[in-house]
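Colleague: Sequence:
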Amino acid sequence: MMYFVRTITVCLTSLFLFAAPALQSQPAGPEAQLRTFAACVGRLSAVLEHEWNIAGSISESTKAQRDAVVEIVAAIVPRDRSRDVLYWRNAAKQAQSSLLARANFATDGADAAWADAQAKRYEHECTALLTL
38 MMYFVRTITV CLTSLFLFAA PALQSQPAGP EAQLRTFAAC VGRLSAVLEH
88 EWNIAGSISE STKAQRDAVV EIVAAIVPRD RSRDVLYWRN AAKQAQSSLL
138 ARANFATDGA DAAWADAQAK RYEHECTALL TL
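To convert, take the position in the sequence shown, counting from 1, and add 37; that gives my numbering.
No lab work stands behind these hints, which were simulated from the structure alone. All clues stand as given, with none of them false.
Pairs of lysine-lysine residues, derived as BS3-like cross-links and limited to a Cα-Cα distance of at most 25 Å, are as follows:
hint	residue 1	residue 2
1	Lys-100	Lys-157
2	Lys-157	Lys-130
3	Lys-130	Lys-100
Keep in mind that this is a model prediction, so the values were computed, not measured.
When you get a sec, could you build the whole thing from the sequences and use the hints?
Modeller: Next comes the structure, spelled out in structure tokens:
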């Protein structure tokens, strides 16, 4: 049963990647898919932490989206690539956290607006993977 679920997840992952307009210009090979989804886990994790730190609670939709991407990564990561996936997740999480902090705490309004737009763009690229 688990093999069937993972096979379906991999097929859906490929479909979502090719259907996502935000990522159409990126290479579509297995390495790029793994890197993209790993980065999205990190970025959405940063968004959850930011929501918790700023608002004191997290969005259920953001949590559900992050959990879905975590499941996709778990289904497609080869055993020998787990260290790479962890690195990509952490690097993306740090990058997203930095953007979110700049967006909220920068003293320069233009810089804060730029950081906010970038953070939202990256978040949208990740959530777009989960919609058709």
